[in-house]
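J.: Model the full structure from these sequences, guided by the hints.
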Amino acid sequence: MNNTIKFKIDGKEIITENGKTVVEAAHQNGVYIPTLCNFPGSFSKGSCRMCTIKVNNRFMTSCTTPAAPGMEVESNTPEINEFRKSIIELLFVSGNHFCPSCEKSGNCELQALAYRYQMMVPRYPYSFPLKKVDASNPKIIKDQNRCVICQRCMKTIKTEKGEHYFAYLKRGNVLEVVMDKELGKEMTDELAKLAMENCPVGSIIYKEVGFVEPIGTRKYDKQPIGSDIDV
Amino acid sequence: MSKKVIATTSLAGCFGCHMSILDIDERIIDLVELVEFNKSPINDIKKFTKKVDVGIIEGGCCNSENVEVLKYFRENCSILISLGECAIMGGLPALRNGIPIEECLNEAYLNGPTVKLNTAKIIPNDPELPMILNKVYPCHEVVKVDYYLPGCPPRADLIWDALVALLTGTEMDLPYEVIKFD
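Residue numbers (the working numbering), protein chains in the order written: chain A, 1 to 231; chain B, 1 to 182.
I should point out that these hints are in silico values taken from the structure, not numbers from a laboratory.
Watch out, some of these pointers could steer you wrong.
Stated by the list, open to error - Straight-line Cα separation of at most 30 angstroms, DSS-like style, residue types lysine-lysine; simulated pairs: (1) K161/A to K181/A; (2) K132/A to K71/B; (3) K181/A to K158/A; (4) K20/A to K85/A; (5) K131/A to K46/B; (6) K85/A to K135/B; (7) K20/A to K185/A; (8) K193/A to K158/A; (9) K170/A to K132/A; (10) K139/A to K45/A; (11) K116/B to K170/A; (12) K139/A to K219/A; (13) K4/B to K132/A; (14) K207/A to K161/A; (15) K116/B to K46/B; (16) K85/A to K139/A; (17) K85/A to K46/B; (18) K144/B to K71/B.
T.: This is the structure we're talking about:
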């Protein structure tokens, strides 16, 4: 049985296998669609809406939309890019994102997306919410000021038995992602570093090694996010 | 053609953005050909002496004096630019925004680990001192701001290119490397 399907993104032909989502197929074919909460290899839930595309004149999230033969997808259009930029701006004003004092600056995906979409200032008023920093864990700092509630740490950082180190606390606009204090005590250095790496922002910081990379050599200093995918 | 007039100020900032203006190096000679400076810490002119074309604001508003100066700039400048993270989003001074003002003052003047000499337990409250605001405000939440140049500090190339584009009415090129938030 032929497993190959073909469809189009912004007029460019995309060839992929059955079962792939639109964002996976796009990245396979050298077409960058921005993502934030999506993490390759784990379940996509389409919550951050960064990967929004338009299919049949309807907005969809490309991380939850399966690629289908003959689909005509709009992605890199002024309308959709403006929509994506507004999501970045909302994330900036709804938390406390002080880039100049953040250890993750230069390696932060939220910041990199703001650079890519040329955010000079958010169009929304800053909310400066009161948030807590939990530094009780011996290996990591969990800073709620910077958390974008993407769930990437919840999905990827687990014990060998599959227990989750991170979980939701509370609901609604006070929802937080917190660390299990008991489990956290046992966390290995490798896992703590991975947690920092998988966090798209600076909400999970591996202790005592901040600001190791000089400005100019960090991930997004010279190249925009997605330039490894864009052809 | 008469020279365009520029004014600058530093509100709740660290003067790093002004340092970055000086970082345009020898282009400062070209700048002198292009503009004249009015009210600015660079020439120490305290009051506007004429209508200004471009006002450059460093720092956000953390006290009543900052608000007064910012409004004074808005009244006297045709175009106002927020220069740097503090002007755009409050910056490092705004780290106090989540903390009640009383707690901030107590920490600074009474209970802080480095407070040794304040034996009379005085929190400064002289009428001559500007009143501290409940939180630090980005400039565009106080007056209308026309343009934003991000960075901590904004790169000298960004400042130069933006000023030249603005003053000569040419299109501005924005290479990826110049827009940074740190």
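J.: For K132/A and K71/B, compute the direct alpha-carbon distance and say whether it is at most 30 angstroms.
T.: 34 angstroms, violated
J.: Decide if the proposed pair is consistent with the structure: K85/A and K46/B, CA atoms, cutoff 30 angstroms inclusive.
T.: 40 angstroms, violated
J.: Can you confirm whether the C-alpha distance between K20/A and K85/A stays at or below 30 angstroms?
T.: 26 angstroms, holds
J.: Are the Cα atoms of K116/B and K170/A separated by 30 angstroms or less?
T.: 42 angstroms, violated
J.: Has the given pair, K144/B with K71/B, been kept, meaning a C-alpha gap of at most 30 angstroms?
T.: Holds. K144/B to K71/B sits at ~10 angstroms (cutoff 30 angstroms).
J.: Against the 30 angstroms threshold, does the CA-CA distance of K139/A and K45/A hold or violate the hint?
T.: It holds: about 29 angstroms lies between the C-alpha atoms, which stays within 30 angstroms.
J.: Regarding the pair K139/A and K219/A, is the alpha-carbon distance no greater than 30 angstroms?
T.: Holds - the C-alpha atoms of K219/A and K139/A are around 23 angstroms apart, at most 30 angstroms.
J.: Holds or violated: K116/B and K46/B, Cα atoms, limit 30 angstroms.
T.: Judged against 30 angstroms, a Cα distance of about 36 angstroms means the pair is violated.
J.: Regarding the pair K161/A and K181/A, is the alpha-carbon distance no greater than 30 angstroms?
T.: 17 angstroms, holds
J.: Given the proposed pairing of K207/A with K161/A, does the C-alpha separation stay at or below 30 angstroms?
T.: Since the Cα atoms of K207/A and K161/A sit roughly 25 angstroms apart, the hinted pair holds (cutoff 30 angstroms).
J.: Given the proposed pairing of K20/A with K185/A, does the C-alpha separation stay at or below 30 angstroms?
T.: Distance of about 38 angstroms is beyond 30 angstroms: violated.
J.: Do the alpha carbons of K85/A and K135/B lie within 30 angstroms of each other, as the hint requires?
T.: 27 angstroms, holds
The structure is inconsistent with the numbered hints 2, 5, 7, 11, 13, 15, 16 and 17, although it conforms to all the rest.
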